[in-house]
Structures are given as C-alpha cells and as structure tokens.
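Please build the complex by placing chain F on the supplied structure of chain B, with the hints as guidance.
These protein sequence lines map, in sequence, to chains B and F. Offset between the first sequence (1-based) and the numbering used here: plus 1090. Offset between the second sequence (1-based) and the numbering used here: plus 1090.
Heads up, a few of these hints could be off.
[Claimed, not checked] Once the Cα atoms are required to be at most 35 Å apart in a straight line, the calculated DSBU-like pairs of lysine-lysine come out as:
1. 1325(F) with 1177(F)
2. 1445(F) with 1445(B)
3. 1325(B) with 1325(F)
[Stated by the list, open to error] Chain B side only, calculated, beta carbon under 8 Å to chain F, not exhaustive:
4. 1134
5. 1135
6. 1338
7. 1371
8. 1411
Since the hints were derived computationally from the structure, they do not count as laboratory data. Think of the CB as a built atom: it goes at the ideal place given N, C-alpha and C, for glycine as much as any other residue.
Number of protein chains: 2
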Amino acid sequence: MPHHLRFGLGPVLCLLAGLLALIAALPVSGAEAPREVPARLLPVPDTVSEQLAKFIGAPPNPTAHDEPATVQEWRALINSYNAEADKGARALWAALRLTVTPVTIAGVKCYRIVPSDMPLENASRTFVHVHGGAYVFFGGDAATGEAAMIAHASRTAVISVDYRMPPDHPYPAALDDSLAVWREVIRGRDPAKSALFGSSAGGGLAMAVVLRLKELGGPLPGVLFLGTPWADLTKTGDTYFANAEVDNSLVSYEGILEAAAKLYAAGRNLKDPLLSPLYGDLTGFPPAILVSGTRDLLLSLTVRTHRLLRGSGVEAELQVFEGMSHAQYLTAYPAPEALEAIGEVAAFFERYLAK
Amino acid sequence: MPHHLRFGLGPVLCLLAGLLALIAALPVSGAEAPREVPARLLPVPDTVSEQLAKFIGAPPNPTAHDEPATVQEWRALINSYNAEADKGARALWAALRLTVTPVTIAGVKCYRIVPSDMPLENASRTFVHVHGGAYVFFGGDAATGEAAMIAHASRTAVISVDYRMPPDHPYPAALDDSLAVWREVIRGRDPAKSALFGSSAGGGLAMAVVLRLKELGGPLPGVLFLGTPWADLTKTGDTYFANAEVDNSLVSYEGILEAAAKLYAAGRNLKDPLLSPLYGDLTGFPPAILVSGTRDLLLSLTVRTHRLLRGSGVEAELQVFEGMSHAQYLTAYPAPEALEAIGEVAAFFERYLAK
Chain B
1091 MPHHLRFGLG
1101 PVLCLLAGLL
1111 ALIAALPVSG
1121 AEAPREVPAR
1131 LLPVPDTVSE
1141 QLAKFIGAPP
1151 NPTAHDEPAT
1161 VQEWRALINS
1171 YNAEADKGAR
1181 ALWAALRLTV
1191 TPVTIAGVKC
1201 YRIVPSDMPL
1211 ENASRTFVHV
1221 HGGAYVFFGG
1231 DAATGEAAMI
1241 AHASRTAVIS
1251 VDYRMPPDHP
1261 YPAALDDSLA
1271 VWREVIRGRD
1281 PAKSALFGSS
1291 AGGGLAMAVV
1301 LRLKELGGPL
1311 PGVLFLGTPW
1321 ADLTKTGDTY
1331 FANAEVDNSL
1341 VSYEGILEAA
1351 AKLYAAGRNL
1361 KDPLLSPLYG
1371 DLTGFPPAIL
1381 VSGTRDLLLS
1391 LTVRTHRLLR
1401 GSGVEAELQV
1411 FEGMSHAQYL
1421 TAYPAPEALE
1431 AIGEVAAFFE
1441 RYLAK
Chain F
1091 MPHHLRFGLG
1101 PVLCLLAGLL
1111 ALIAALPVSG
1121 AEAPREVPAR
1131 LLPVPDTVSE
1141 QLAKFIGAPP
1151 NPTAHDEPAT
1161 VQEWRALINS
1171 YNAEADKGAR
1181 ALWAALRLTV
1191 TPVTIAGVKC
1201 YRIVPSDMPL
1211 ENASRTFVHV
1221 HGGAYVFFGG
1231 DAATGEAAMI
1241 AHASRTAVIS
1251 VDYRMPPDHP
1261 YPAALDDSLA
1271 VWREVIRGRD
1281 PAKSALFGSS
1291 AGGGLAMAVV
1301 LRLKELGGPL
1311 PGVLFLGTPW
1321 ADLTKTGDTY
1331 FANAEVDNSL
1341 VSYEGILEAA
1351 AKLYAAGRNL
1361 KDPLLSPLYG
1371 DLTGFPPAIL
1381 VSGTRDLLLS
1391 LTVRTHRLLR
1401 GSGVEAELQV
1411 FEGMSHAQYL
1421 TAYPAPEALE
1431 AIGEVAAFFE
1441 RYLAK
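Excised from the complex, chain B in its bound form (with noise of 0.2 Å):
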C-alpha cells in the first residue's frame, strides 16, 4: 500500500524552527559553514562476520582515482576489470549449479540463467537483469553475477542484459539495449509477475527503463530491485563528500567514477533524467527494495532514492548493511551478509510479485 504522507501544519509552525532547534541546545548559528572533519583510522567492524571483515579491511581500490584519456587507456582498464570479474562470475554458475546460456534477445546480446531446482509455478516468471560497472565495466561474462545470486535465491530464471557500452557505445545504447529487451521478453506474459534489477549503474539504468516504459504505455515490471542506484551522474549527495575514501570500492567521485560519468553521457547533461533518475517523476514506480551500506559512497543517493519514491506514493523499502562499501553484498557474497542481502531481495520479491 503506497504511504501518502500528508501533513495539515500551519505556517506558524515554521516559525518553530528556531526555538525548537533548542531541544537538543545545538547552537544553530546563521552562518552555515562546511564541516570540519579530521584525519582518521577507520579500524574494521567488529561487528560483521569474519567474511564480510576481509572484504572491509582490504586496500582502496588502487585504479580508483585513474582517469582514462583515451580509448586506448579505457580499453585497457575495461579489460583488467572485466578478466578477473568474468571469472568470478563463472565459477558462480558452477557453484549455484546454474545453466547459463547466451541468446540475442531483440537483437540484444544477453544470458538466459536457469537455475537447477526452479518451481514449475515459477516457470511463468519474468526476471531481467541490467548489471552494474559504471556503464563501462563488466559486458560479458562479468554481467551475470548479480543475476546468479538472485536466480539461485528466488529459483527463477533471469535474463542478464549485456548492454552496449561506451567507448564504442554510449548513452543511449544501454538503454535502448535495455528496453528493447524488456519489451520482447515481457510480450505476452504477465507483467505482475515480472523483476527488474540491477545494481550500482544497474540500479541506475533500471529506473531509467521504468521512465521510459512511463512514457510508452508500459507494461511496468511487478517489482524493482534497486541496489544501491546511480541515480545522479553529478556529484550530488552528501555520502559523495562524507564516505570519499570511507568506501574502500568506489572510493571517490573523482577518478573513474566522473570519467565514466562523461564517457556515457557524451556531452548530454548529466542531470538528463534519463541519465540521472533522481530528477525524474518516479510516481508509478513498481514497488522497489533498495540496499546499500554504512560506508558506501553511494549511501545517499540510495536514501534519497528511496525518500523520492516514498513521497512519490510507491511503496519501497531500505535494506542498510554495517560497514559496507558499494555494492559489497555482491562482492563480498557469499559472506553471511551478502546471503542476507539477496536473501531480502528475493523475499521482497515473493511478497509483492503475483503468484
């Protein structure tokens, strides 16, 4: 049930501001000045599983703050991301006992994954996947992780989407790639029993895929998953600036992240909803789960996602891990939280898909 939240306060109210501001006797000052923040160690949580402890404890990425220049120097670094990700990703289909095949899907490259152990009821299912990395990152092989975790969680087949990407591809590639795909695989089946997901540039893309279904009459997917979304190319938020070299993934808006920012919009304004989803109407929005982590750079764009959607009428809800950079639930898997985080995912879907 979508929460409309509707206040009847009077205008006198906000002449409270001031006093009230008292409660907590925080000197409120007129002058708004950035906050100071000293140097710091951040040791490790004690507070996490032994699993999740190693991934929080590594180095920075060390690639993070790079920014390529030419085509030549992002190939490269495409290419160092995507071989050890494409392996990881493969030893996932052994592991979950997956079958993982590759199909063109409206002429779309694109993996069908099918777990071992799906339902007959789950057969009329619709699942896709649009993977993160950034809009750069991680075509291939590397795509289907995410799609594994959650096909193996919710034993439902999913299509993964390998999108195209710049350099050679763009915006709007990944999303034309997206939705063409989604239109082709949802024809003639029921959309209440549909997903859409994806995280990081993934959480990005599918939000821009709702808004344009929006503007196309639908159908909508039954449900969202939304993890911890690019949903603003600019540097806006203020995890940005307080979880910059806090999240040991990301790291910075600085480096890779800006430069990736620019090579998909070629030139477009960043704040494009249809780059940028937060300054897009999300009413109408399938209800979505979001999950993100205490130190992701990414932590306010997720809350700001899911308090948009909120006060949009949608029903979505926040999953919040301790100590998490960006996208841990997905690197870090299988650590007990990771499992937990898919876990959420799957039993969100269950509770709001059709059956």
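Okay, now just chain F, sitting in the frame of chain B:
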C-alpha cells in the same frame, strides 16, 4: 509478515569468497588494515530543505567532548541542556494545540499529551513515550517534545514517562519506572492498539522494556518506534568511528556520551542486554520502525538493530534521511524532512495497529 531468511547454500560456496572478490577487481589482501581517511571539509548538502540545511550547517555541539567528573558538573550540564529544551517543548505544546497534563502513574512522574482533534476511535489506543537524552538529560517538560510530535501526527493521546535518572538514580531506575508505567497503563486495554516509542536513549530503553516484558509474559506493545536507538552503550559499531566529528549533535563517543553510559550503568557491564539491548534476544518483538540519518553517529546501531530484528523474524522497517545527524528529525522539526520522518512513524503505526 515476518521474513525468515534462510539459505540452502552448501559449504562449497565458502570457498568462492576469494574468487568472487575479483568481481570488483578489489585486491583483497590477507591483511585487514584500518582505513586511513584524510581530513576533509564536508559542505552543507544541497539535497535537503533550507530548513534542514540550517541544522546540518550548524557547528558541532560545543559541549559534546565534556566529561563531567562530579555530581555538581553533571547537574550544571543537565540544567543548561534542560532549560533550553524545556522552552522548546512548551512552545511545541502551544503550536500544536496539545493539552499537556502532569500525571503520576504507578508512582512515576509522567505527562499526558492529548491532541485537540483526537478522533473517538483513537481513544482506545495506548501510546507510551520514553524520551531520549543519554539517560541523563531532558527530564521534566523537555521529555515531551517527541511525544508531542507523535501525538499530533497520529491524533492519539500519549503518555510520556519522566523516568528517574542519574546522577541520583542510575540503572535500573529508568527501566523500572518505564516498565511500571507501561504495565499500569496497558491494564485492561488492548495491546494490539498500543505503541511504545522513543529516540536515542529512549529507543534503547524501549527495547529494554520489551526484553523485560518478554520475561514477565507481556503484554508487549502492538508496535515500536525505535529512533536511532542507543542500543549499545559500548563503542561498538562502524559509525561510532566513521561519523565521529561528522555528526554535529553527538559528535563523538568520547565525552558526554561515554561519561553518561558509565554514569547510567553505575558499574554494571555495559553489554548487559538491559543496558545494551543489541546483546539481547529480539525474537518475538513487535513490528518496529527505525529512523536514522546518513551523518548519525548511531547509524550503525540503527542498522544493526534493524538487521538483528529482521534476522529474528521481526517485521522491521528502516528510514534513513540524507545528511541528518543524530535525532535531527526531532531537533529540526518542523523542517519538511522532520515532518516526513514523524509522518512515516505515524503511517507505520496506522499500518500495524489493530483497528
């Protein structure tokens, strides 16, 4: 409906952690090291209302690092906090047109707060509030601020417990008083129409009351609001470190917070579940809504409590607000985000309380 998160993953998966780390191309070394975070300036975010920005941009609480060493120093600090908070609370009574009456229940000082427009059907509800203030501050009129906001938003009468506190009355006075009031007011009333709530120390105290009620055989409240609960009095949890000097309300564990924890515990083990309910058994807890902010020193306590509740099969919902420090949804009231937070609580109560 409680979510039981269960996973059928075999031990083979545990061997995959190393491989899967590669998905993010993170160099996971064997050595878990503290993260070195450089000094930085955090700008006031432009992603919040002007009203909230004033509170986010205010300088850190200048007394946060105080460590009162004598009863006299404590009294002076308490009086200075309370004098201002008393005024704020009384202004709120008037602005919200609430009728506030001091009452004694089970021998404990309380306030009864009645909204002017309470519908007849809400008269059968029983709402009890336990205020925050690190178990030392905000006794007396100040106790009622949050209760007033909830009474207004939910159009329901609230009993706010002015429980005894240190330096005269350490643990278990606050718990004994809150428990005694609860058991008295719930007598002959429908627990399915009851709520127990509070923020900060009030959130921790509400949890301790429920732990005691479980031992006593109930009756448990129908619903809980745990605002950024001080559910662990030890310095345990990642944002005690990550949000130190980022949160301008609590600022740091060292100082008032640590001193207050010790003053309240009066020599007892700080990890006793009735002092730090995160170490308790939360199974069977009522549905709970939790609220925090991205700059909250107790964000980790909030998300740890949320996860522990959900892992214990309890329906628990998390709302996190952009840029907010500890309990700023109260201090910034009636900023739009504060109204939104209080509105979420009222909506959650509506959803889970018996009609």
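How the hints compare with the structure:
Proximity of residue 1325(F) to residue 1177(F) is assessed by CA-CA distance (about 32 Å); at most 35 Å being required, the pair is judged to hold. Taking the CA atoms of residue 1445(F) and residue 1445(B), the gap is about 28 Å. The hint holds against a cut of 35 Å. For the suggested pair residue 1325(B) and residue 1325(F), the alpha carbons sit about 32 Å apart, so the restraint of at most 35 Å is met. Interface restraint check for residue 1134(B): the shortest CB-CB distance to chain F comes to about 5 Å, inside 8 Å, so the restraint holds.
For residue 1135(B), the shortest C-beta to C-beta distance to chain F is roughly 4 Å, which falls under 8 Å, so the interface hint holds. This hint holds: residue 1338(B) has a C-beta 7 Å from the nearest C-beta of chain F, less than the 8 Å allowed. Proximity of residue 1371(B) to chain F is violated relative to the hint, the smallest CB-CB distance being about 18 Å (cut-off 8 Å). Annotation: interface hint on residue 1411(B) holds; nearest CB of chain F at approximately 7 Å, less than 8 Å.
Hint 7 alone, counting from the list given before, is not met by this structure.
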